[in-house]
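From first to last, the protein sequence lines stand for chains A and X.
Residue numbers for the first sequence follow our numbering, beginning at 14 and rising by one.
Residue numbers for the second sequence follow our numbering, beginning at 133 and rising by one.
No wet-lab data here; the hints were simulated from the structure.
Treat the hints with caution; some may be incorrect.
[Claimed, not checked] Listed below are the simulated SDA-like cross-link pairs for lysine to any residue, each with C-alpha atoms no more than 25 Å apart in a straight line:
no.	chain 1	residue 1	chain 2	residue 2
1	A	K49	X	R173
2	A	K51	X	S236
3	A	K53	X	D139
4	X	K231	A	S84
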Amino acid sequence: DTEVTQTPKHLVMGMTNKKSLKCEQHMGHRAMYWYKQKAKKPPELMFVYSYEKLSINESVPSRFSPECPNSSLLNLHLHALQPEDSALYLCASSHTGGGADTQYFGPGTRLTVL
Amino acid sequence: RKEVEQDPGPFNVPEGATVAFNCTYSNSASQSFFWYRQDCRKEPKLLMSVYSSGNEDGSFTAQLNRASQYISLLIRDSKLSDSATYLCVVNMPLASSYKLIFGSGTRLLVRP
Numbered sequence: 014d015t016e017v018t019q020t021p022k023h024l025v026m027g028m029t030n031k032k033s034l035k036c037e038q039h040m041g042h043r044a045m046y047w048y049k050q051k052a053k054k055p056p057e058l059m060f061v062y063s064y065e066k067l068s069i070n071e072s073v074p075s076r077f078s079p080e081c082p083n084s085s086l087l088n089l090h091l092h093a094l095q096p097e098d099s100a101l102y103l104c105a106s107s108h109t110g111g112g113a114d115t116q117y118f119g120p121g122t123r124l125t126v127l
Numbered sequence: 133r134k135e136v137e138q139d140p141g142p143f144n145v146p147e148g149a150t151v152a153f154n155c156t157y158s159n160s161a162s163q164s165f166f167w168y169r170q171d172c173r174k175e176p177k178l179l180m181s182v183y184s185s186g187n188e189d190g191s192f193t194a195q196l197n198r199a200s201q202y203i204s205l206l207i208r209d210s211k212l213s214d215s216a217t218y219l220c221v222v223n224m225p226l227a228s229s230y231k232l233i234f235g236s237g238t239r240l241l242v243r244p
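The task is simple: from the sequences and hints, build the whole structure.
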C-alpha cells in the first residue's frame with residue numbers, strides 16, 4: 014500500500030481566514046513533505062519533516078505553518094493568505110528522507126484564495 | 133543552468149510510436165533518479181526508478197548515465213493512455229538532508 018491521503022480535496026478561502034490542510038500515511042514512513050504546484054509548473058518543495066522534526070524550510074512565508082503531530086500525520090496551517098497562494102498543495106512521504114528514498118504523493122488539495 | 137533540464141516538448145505522436153525523452157542534471161552528488169508521470173490536475177505518480185544498469189517495466193525503459201549526468205526514458209508501442217506529462221526527478225543533497233528536484237516536465241500526447 015503506497016497511499017497518502019489528503020483532506021480536503023478542494024478549499025476556497027478568503028484572505029482573512031484560517032484553515033488547515035491535512036495529510037496522512039500509514040506506510041510507516043518517517044519523512045513527510047509539503048509541496049506547492051502552480052499550473053503548468055513542476056512541484057516546488059516547501060517543508061520537509063524527518064522523524065517528526067522540521068529539517069527543511071525552503072524560505073516559505075510565515076503565513077504557512079507546518080505541523081507534524083506524529084509520524085503518520087502532517088498538517089499545513091494557513092493564515093492571511095494572498096491570491097497568488099492559490100495552487101495545488103501536495104503532500105508526500107518517504108522511508109526516512111535519505112538519498113535513496115522514493116517519495117509517494119497524495120492527491121493534493123486544490124486551494125483557491127479569494 | 134537549471135538543476136534538472138528536460139526536453140521541453142510537447143511531443144505529439146501517433147498510437148504505436150516509439151518516443152524518447154531526455155534529461156540532464158547538474159549535481160554529480162545526486163543519489164537517486166526517477167521518472168514520474170502526472171496527468172492533468174492530478175498528483176505525480178512514480179513511473180519508475182532509474183538505475184545505471186538500465187531498467188524496463190512493460191513498454192517503458194529507463195537508463196542512467198552517471199558520467200554524462202544524463203537520464204532517458206523510452207516508451208515503445210505508445211498507447212492513448214500514455215498521454216501525460218513526464219517529470220524527470222533527481223534526489224540531490226541539501227545541507228544534511230536530500231531534496232527532490234523536478235524537471236519542468238515533458239508533455240506527451242498520443243493521438244489515435
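So, going through the hints one by one against the coordinates:
1. A:K49 x X:R173: holds, 13 Å
2. A:K51 x X:S236: Answer holds: K51 of chain A to S236 of chain X is near 12 Å, not above 25 Å.
3. A:K53 x X:D139: holds, 15 Å
4. X:K231 x A:S84: holds, 19 Å
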